[in-house]
Amino acid sequence: MTGIGTQNGALNGTQNGVENGARNGAEDGGQRIVVAGAGLAGHEVVRRLLASPDFDGSIIWHTAEPGRPYNRVLLTDLIAGRHTPDAISLPALSDPRLTTRRRPLNSIAEAEFDFLVLATGADPVIPPVRGNAVPLRTLNDARTILRALEDGARRVAVVGGGPLGVETACALARRGVRTDLVHRGPHLLSRWLDAESAALLTDSLSTAGINVRCDTDVSAASGTWPGADLVILACGSRPRVALARAAGLPLGRGILVDGDGRSVGDPRVFAIGDCAQGGGAVGAFAALEDARRAADAIIRQSIRRSPKEAIAAPFRHAALRLRTYDIPGADVAVLGPPLSDPTIQLTDQRRRTRKALTLDGDAPVAAALVGDVRAAAALARAIGDPATPVPGVPVALLTSAVGGGAAGFDRV
Amino acid sequence: MDASAAVTRTHCPYCALQCGMELRSETGSNSGGAVPLRADGWDAFPVNKGALCQKGATATELLNPAARLTTPLLRRSRDAELETATWDEALDFAASRICDLAAAHGRDAVGIFGGGGLTHEKAYSLGKFARVVLQTPHIDYNGRFCMSAAAAASQRAFGVDRGLPFPLADVAHTDVILLVGSNLADTMPPALRYFTAQRENGGRLIVVDPRRTRTAEQADLHLQPVPGTDAALAAGLLHVLIAEHLVDEEFIAARTSGFEEVRAEVLRWWPERVEAVCGVPAPDVRAAARMFAGADNEGGAGNGAGAKNGAGAKNGAGARNGAGVHNGAGITASTGMVLTARGTEQQADGADAVNAWINLALAAGKAGRPYCGYGAITGQGNGQGGREHGQKADQLPGYRKITDPAARDHVAKVWGVPADSLPGPGRPAVELLAACGSDIKALLVAGSNPVVSAPDASFVSARLAALDFLAVCDVVLSETAALADVVFPVTQWAEESGTMTNLEGRVLLRRQAIAPPDGVRSDLDVLGGLAERLGRPGFLTSPPEVFAELARASAGGVADYSGLSYERLDASSEGAGLHWPCPAPEHPGTPRMFLEAFGTPDGRARFVAVGHEPAVEEPSADFPYRLTTGRVLAQYQSGAQTRRVRSLNSAEPGAFVQLHPDLAAAVGVSEGDAVRVTSRRGSAVAPARINDLIRPDTVFMPFHWAGAGRANSVTRRTTDPVSGMPAFKTAAVRVEVER
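Residue numbers (the numbering used here), protein chains in the order written: chain G, 1 to 412; chain F, 413 to 1151.
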């Protein structure tokens, strides 16, 4: 798969013109690393570098938001009442080699580094909506929302039927708040699910008391949602690329990177998490995976020997895995690229579950699960890793928690 | 029913249960006089209550003189064969080789490798022999392969390491058991009754194992993680407890410290991430956490997620709990236990993984209360006691640290030597074996067969072969003994008296039932004979005397045996033994620990903030699957004993490779085909057993055999940095048909 763990990766990197910065840094007493951003990806890359016995450099860490770094994945947990806002901090990192600067990095050109890791995240897309409208991107946003709920907001509209919108609506419903989920597209999760799967999901959300409205553009109509005391905006995000743009790094929607997470314009610069645009997935799993790859690449380049044992291969994760707070039927997992033209479909209208799988020959290439996701972990592996054994009767992939044709489907 | 004089009550030679046995003469059926005794269960002994497994019931076969070594063997030069020798010849030869090699290379060039099956008297004497006679720091033992991770984790969390802090029978009375990486239905069958009783009492059992073992079949909920990902799974369960307000805040505040760091760590492990890393469905992670907390059955039997049928009905009950806010009533009142074994411990992060499970027990308030707690299911017969009295590289008797000046003073005084003459800490087992042939020139092995049982066994065999001198004390000519320059035939369980400590910390007296065959002596006699020849006459060889000295040496230590004696153990409620600590002759022993306070200086249990990193050796294109290893019912450890018992060997005559039908199909293997399992270290070949009781990405081999089917040819020497435990249970492998 990726070239991780091979010596070639390191050699190629060196040949790509890294040797000046890297080697000079090493001679001066270690690599100088600058990390910008303190979300999951930024925290993870700092944590991994400090934990590596092979890392002998120093790190300057720019954290933009106030307070301790926290786990952004759990913001919807706050809405659901599972944690208090000060309780979702990430583990404190303290180390003599680490200097934390509680301000954003201003300019790449002014920074001194052998390697720079951009983990600047993304900004929420804010449509022109009037009234009491708040995005849910930061801990401060969550605090604002919680305050509004505690102040008596009784009916909340969530604008945006993507992953964050569905999760937020579920969190609100779990909290017992009357919730409208308003989506511009034809059906929920339209980038991820087909209409039939989305319809079952909508049924389940409706049963839980969530009022789902699709084909509805709030900003185009009245500019607000009638009856809502609070509007939560979950209209997607835009990679934060100002620093990279100012430095002239190649951009697409995000900072364009190679398989190691290196900017295609400057091998000394990594971009990870939501600010980056590689070939792969998005979200928290991808951010953690990006951070691991970047940390490995930096360490590989700073040591001049091959690792004693093979470096860990990446784990296989779902492309989309919703957190839906036990709302019956609302679990969603999408494995591989968005589903198209499924080969096998299992739909249970009564239990509102649907599992669809696309095969290329006998090889699974994409799957989507709604309502019953117990097969997700095994499917992620089967799709992500060609060495994973797959059952002779592929439908069994949709029915087993550990993979394999063990669920009553006869082998042929 | 009659002549009680003909009955000897003693304990089984095998696992850590140390089942009570009654040995009787085989009168009448003197069929060639092959087996002189018969073993029956001892009804009154509280652990097994009369039950014996197949291994215990047939243990007397090895008492047949024809089945065991009865004369010393000597290899007069490295190229020569082993020949029979007299005891004096063998002892003289061994002493002179040790003396010469120590003179030439220094005292540190001599090492000892002991075993967790040895009696206290032997284990203690090996430690004393190393420090006082050889004056080498290098002594360690095969318990490093067995209990070290759990031991290190328990010490970090509780300040004390005792396998179970409660009697095994308590298991039957707890509400929920979380059993991690143990197949005790096969490895210690007489223990299963307590788990069955627990479920009959209305309790629930959660089993964590990559395989659907006979034990997992009993479970209300079976989690089947990718081997080596347990720390992440445990963190995921604790994450759920925190998110759903199921932690016992009162207990945490009153009896523990360190929770905030652990909270921050586990909040990185939300169930969907755990699902991706461990391969366990997030709904099952939640179901397990709720079940463990006793919070899953409110509103009736709604929760079927992953339970029993495995079919994954939705999170019934959990979904009804409002915003996951439980009122707490009835939760802290429930009881629970976390029990771990080798599956979670024999990993490159074994100690951290165990602490992750302990964190879960502490956060749920399920420790330090009746019918609650964390326990390790100890493996070897004296796996507990063998790690308490100085057989470990960093340790002195009484579970004392060899680096602690007060401990050194105390023990040196008992031994009658200056404290500064005692060596410091030596190399842990894997390092010790790896140094053979280089820094270590001479090695004495007792009660262990590392050629079969050590990780990366081909490497270990080569290291042992590279020694200038190897001496082995054993009952039979094990694969390791076959490499030796001198083999001492030593007494086994029914042929000697000795004490053992079972998995409950229960100190037991094994009583001699039969005289050893001519030509056989105790390991204590070997050490005494060598000590005399090395200029240290008077080394104690009588088991009661050795025990009395051990008791004095342990006084004031964590594992305090100073109130114990052969007389007390013999008299203790019909010989049921006494639980340590037992610091005075009138002290009743300590069946249940931690009810008042934990063993740390401030009496609080410690949360240990541990994360999870992927195994250092993850599957790759060349080695795309994982091997995990383990045990079968009819064999024990390296098989040196059980492979010599006819009925056991016909039940399980050789190694096998368990693999899933999908994997078998992918690599073209049919049932019974010879399968080659290859890692970066080496390969093993054994017949295929194809079934869907294992993850499709994982293969399993039992490790009891030598030769082509030796699973440890494939395993790795990588060790847990905290405990020195080798990562037996996860190796990246490829799987092929052997043609």
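If you're looking for bench data, these hints aren't it; they were derived computationally from the structure.
Fair warning: there could be bad hints in the mix.
Stretch by stretch, here's where chain G covers chain F in the computed footprint (C-beta under 8 angstroms, at least three residues) [to be verified]:
| no. | segment |
| --- | --- |
| 1 | 646-659 |
| 2 | 669-676 |
| 3 | 685-692 |
| 4 | 1029-1039 |
| 5 | 1063-1077 |
Label-pair restraints from in silico Cβ distances [stated by the list, open to error]:
| no. | chain 1 | residue 1 | chain 2 | residue 2 | range |
| --- | --- | --- | --- | --- | --- |
| 6 | F | Gly-518 | G | Asp-95 | 56 to 64 angstroms |
| 7 | F | Asp-821 | G | Ala-92 | 33 to 41 angstroms |
| 8 | G | Arg-351 | F | Arg-1058 | 37 to 45 angstroms |
| 9 | G | Arg-102 | F | Glu-673 | 54 to 62 angstroms |
| 10 | G | Ala-92 | F | Ala-581 | 54 to 62 angstroms |
| 11 | G | Glu-112 | F | Thr-815 | 39 to 47 angstroms |
| 12 | F | Arg-1151 | G | Thr-99 | 53 to 61 angstroms |
| 13 | F | Ala-456 | G | Arg-351 | 36 to 44 angstroms |
| 14 | F | Ala-581 | G | Asp-151 | 53 to 61 angstroms |
| 15 | G | Gly-176 | F | Ala-1009 | 40 to 48 angstroms |
Short, incomplete list of chain F residues facing chain G, as computed with Cβ under 8 angstroms [unchecked claim]:
| no. | residue |
| --- | --- |
| 16 | Glu-495 |
| 17 | Trp-499 |
| 18 | Gln-636 |
| 19 | Arg-680 |
| 20 | Pro-695 |
| 21 | Ala-1021 |
| 22 | Arg-1107 |
| 23 | Pro-1108 |
| 24 | Val-1149 |
Even glycine gets a Cβ: it sits at the ideal position worked out from N, Cα and C.
Hints, verified against the model:
Counting residues of the segment 646-659 of chain F whose beta carbon lies closer than 8 angstroms to any beta carbon of chain G gives 4, which meets the minimum of three for the stated coverage. Coverage of the segment 669-676 of chain F by chain G holds. Counting CB-CB distances below 8 angstroms, 3 residues qualify, and the rule asks for three or more. Interface restraint, the segment 685-692 of chain F with chain G: holds (7 residues with C-beta to C-beta distance below 8 angstroms; minimum three). Counting residues of the segment 1029-1039 of chain F whose C-beta lies closer than 8 angstroms to any C-beta of chain G gives 7; at least three are required, and the coverage claim holds.
Requiring three or more residues with a Cβ within less than 8 angstroms of a Cβ of chain G, the coverage given for the segment 1063-1077 of chain F holds, as 5 such residues are present. Taking the beta carbon of each, F:Gly-518 and G:Asp-95 are about 39 angstroms apart, not inside 56 to 64 angstroms as hinted. For F:Asp-821 and G:Ala-92, the hinted distance range of 33 to 41 angstroms is satisfied, since their beta carbons lie about 40 angstroms from each other. At roughly 55 angstroms, the beta carbons of G:Arg-351 and F:Arg-1058 sit outside the given window of 37 to 45 angstroms.
A beta carbon spacing of about 22 angstroms between G:Arg-102 and F:Glu-673 contradicts the range 54 to 62 angstroms that was offered as a hint. Roughly 43 angstroms separates the CB atoms of G:Ala-92 and F:Ala-581, a value that falls outside the hinted 54 to 62 angstroms. Checking the proposed 39 to 47 angstroms range against G:Glu-112 and F:Thr-815 shows it holds: the Cβ atoms sit about 44 angstroms from each other. Our hint of 53 to 61 angstroms for F:Arg-1151 and G:Thr-99 holds, since their Cβ atoms are close to 60 angstroms apart.
Range check, F:Ala-456 to G:Arg-351: about 54 angstroms between beta-carbon atoms, so the 36 to 44 angstroms window is missed. Remark: the range hint 53 to 61 angstroms for F:Ala-581 to G:Asp-151 is upheld by a beta-carbon distance near 56 angstroms. Taken as a hint, the range 40 to 48 angstroms holds for the pair G:Gly-176 and F:Ala-1009, whose Cβ atoms sit roughly 42 angstroms apart. Taken as an interface hint, F:Glu-495 does not check out: its beta carbon lies about 43 angstroms from the nearest beta carbon of chain G, beyond 8 angstroms.
Proximity of F:Trp-499 to chain G is violated relative to the hint, the smallest CB-CB distance being about 46 angstroms (cut-off 8 angstroms). Using the Cβ-Cβ criterion of 8 angstroms, the hint placing F:Gln-636 at the interface with chain G is satisfied: the shortest such distance is roughly 5 angstroms. Evaluation of the F:Arg-680 hint against chain G yields a held restraint, the C-beta minimum of about 6 angstroms falling below 8 angstroms. A least Cβ separation of about 6 angstroms between F:Pro-695 and chain G falls short of the 8 angstroms threshold, and the interface hint therefore holds.
Of the supplied interface hints, the one on F:Ala-1021 holds, with its beta-carbon coming within about 7 angstroms of a beta-carbon of chain G, less than 8 angstroms. Evaluation of the F:Arg-1107 hint against chain G yields a held restraint, the C-beta minimum of about 5 angstroms falling below 8 angstroms. Evaluation of the F:Pro-1108 hint against chain G yields a held restraint, the C-beta minimum of about 4 angstroms falling below 8 angstroms. Using the Cβ-Cβ criterion of 8 angstroms, the hint placing F:Val-1149 at the interface with chain G is not satisfied: the shortest such distance is roughly 15 angstroms.
Of the numbered hints given earlier, the model fails hints 6, 8, 9, 10, 13, 16, 17, 24; all others are met.
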